[in-house]
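Protein chains in written order, with the numbering used here: chain A, 1 to 445; chain B, 1001 to 1159.
Some hints could be false.
[Unchecked claim] Pairwise CB distance ranges (calculated):
hint, chain 1, residue 1, chain 2, residue 2, range
1, A, 273, B, 1034, 28 to 38 angstroms
2, B, 1100, A, 369, 40 to 50 angstroms
3, B, 1118, A, 330, 28 to 38 angstroms
4, B, 1036, A, 274, 43 to 53 angstroms
5, B, 1019, A, 330, 29 to 39 angstroms
Hints listed in this document are in silico derivations from the structure and should not be mistaken for laboratory results. The C-beta atom is built at its ideal place from N, Cα and C for all residues, glycine as well.
Okay, here's what each chain looks like letter by letter:
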Amino acid sequence: MDPSLIGLIAFGAVILMLAIRVPIAFALASAAIIGTFFIFALRTGTFSPERAIRPTTSLTYSNAFDLVHNYNLSMIPLFVALGHIAYQAGITTNIYEAAKVWLAKLPGGVAMASIVGCGGFSAITGSSIACASTMGRICTPEMLRMGYDNRLATASVAAGGTLGSLIPPSVLFIIYGIFTETSVSKLFLAGVLPGILTLLGFLFVVAVWVRRDPSIAPTANVDYSMQHRMQAAFSAWPAMVLFVLIVGGIYGGIFTATEAAAVSVALAIAVGFGQRRLTLQSLWVSLKETCIQTTGIFIIAASAKIFVAFIALTGVAPKLVDIVSVADLSIVTLMLAIALIYLLLGMFLDPIGIMVLTLPLLVPLVEGYGLNLIWFGVVVIKLLEIGLITPPVGLNVFVISNVVGADAPLHKIFAGIMRFLSVDLIVLGLIMAFPIISLLLPESM
Amino acid sequence: MLKKIETFLLGVAALAVLVMGAMITVNVILRLFGTSLPDSVVLVRELMVAAIILPLAAVTMARAHVSVEVLVNRLPARVTQGLILIGWVIGLIAFAPLVYAGWRELVATWSNSSFFFGDLSLPKWPGRLVFLIGMTVFWVRLFLVLLEDAQRFFSNKAV
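Same shape as in the complex, but just chain A:
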């Protein structure tokens, strides 16, 4: 049997397994291991299973072990730990409190503060879902209590939560970096401007929405003194320092992304203990939660690595490149097709699943067209970010729905999301049309 046929069958099997709720890691690893076994067993033309056992297990083991036994990837558990520790130390939520004090008097000010808070939270945690879950518990109930329309109160946080994918440090960028062998530091820097652009776009949506219909966001009746405002701004300093440390440290070449992760964890622990907001017990809980979350990510990544090695054996990717080359697609058509695939997959699959399933085939294709993989990474992450709020799955929407319960039915949240989604699509268009938005910072390093 032709290896590429085995590859296509395995790919179909993965899709089928995912559809019937087999965990992503199990689906990828089983299809890859069985497929690799058949390729080695059929190598000589006749089926010789005894010859296939050793190379199959060796290839599988080396791919899984090498992924885990990796110095650079220690940034994933460290950044995840940073998010948990910063939350326990109150560093992440202080950003929202500060933004709220400064923006409260503006129409829709608390919704804007929520989005700014999400941006700040993302700048530390790197996880969209964690951002939506945490900020959803804090901001949405407060907005609902103040009489905000439930569409605005929920959608602003669900959309704001997606900023965690683009604003560094982002776990999705790290995983993209692993599979495309591109610099994670450059990817982080490439995400900064598109992340800020998205944040500003979301603020614009709130401003326009509230201006057209002021009843959806009653203005707060509180008047904060300048002293109160300054205190609130000062309380957010640890978050500012952490962001500057991570982005500034990488941009200035002071340390690598891995070192930035470790140093920022050390700083968050020091600030937490210094401000007496972190205890040994809460630190221990944070570290254990970090391990559970990181292992969940890595088991998928390791299985995907095994799958990538299997796809390389089958030779499917070069054949796909040949087919597309013969079709003579323009770059614009190719990118629109890729965007469509991601938007469709984003409706059903989680971001890591989409990435590990598509990158083994798409990266050779994109490289064949001579496209910049850093820029392509930003486009991919932006598409995945959009997938987090598109119906029918929209993970962030479900997270917010779980948090607020009956106060905001799912269709109301999706109704509010549409406004933010339109801005997301505009920003995506800008990123695709003007690669400089993504490449300005990494290329000036």
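Fit chain B to the supplied structure of chain A, relying on the hints for placement.
Positioned in the frame of chain A, the structure of chain B alone reads:
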């Protein structure tokens, strides 16, 4: 018994994350003085194995593996529960070769006395041993979860 082992392994993993972060931070500070911890890169890589692989059983126990639920959510509960069982079986098939290969690799590095080139000539077997322990406990937990769910399924209880 297995629960206690899982809790212990999760604790070791949490400690590994902390030590890893501390080592890298100390190295950044030492760089200012033109020095560094010996073989810190190798040590961090070995700690990574503990941080990532040892919690696998605890993740499985918490049923925290990511899957796509939206497509099966509208199916009858009985069918969905059956599909969960199939998922566990596929997991057992997928990771059995890794347990076997992990054992073979450990034996090979132990009998060859393989070591990492560096200041301390650290042996290669500890990382391999941690990998094997983590994978084996994970596989056993997966098997037990399958048994438990199968028992509930066939006695018409919710999985």
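The hints, checked one at a time:
In this structure the supplied range 28 to 38 angstroms holds for residue 273 of chain A paired with residue 1034 of chain B, their Cβ-Cβ distance being about 30 angstroms. A beta carbon spacing of about 41 angstroms between residue 1100 of chain B and residue 369 of chain A agrees with the range 40 to 50 angstroms that was offered as a hint. Between residue 1118 of chain B and residue 330 of chain A the C-beta distance comes to about 51 angstroms, which lies outside the given range of 28 to 38 angstroms. A C-beta distance of roughly 27 angstroms is found between residue 1036 of chain B and residue 274 of chain A, which places it outside the suggested range of 43 to 53 angstroms.
Separation of residue 1019 of chain B from residue 330 of chain A is about 52 angstroms and departs from the stated range, judged on CB atoms against 29 to 39 angstroms.
The structure shown violates the earlier hints numbered 3, 4, 5.
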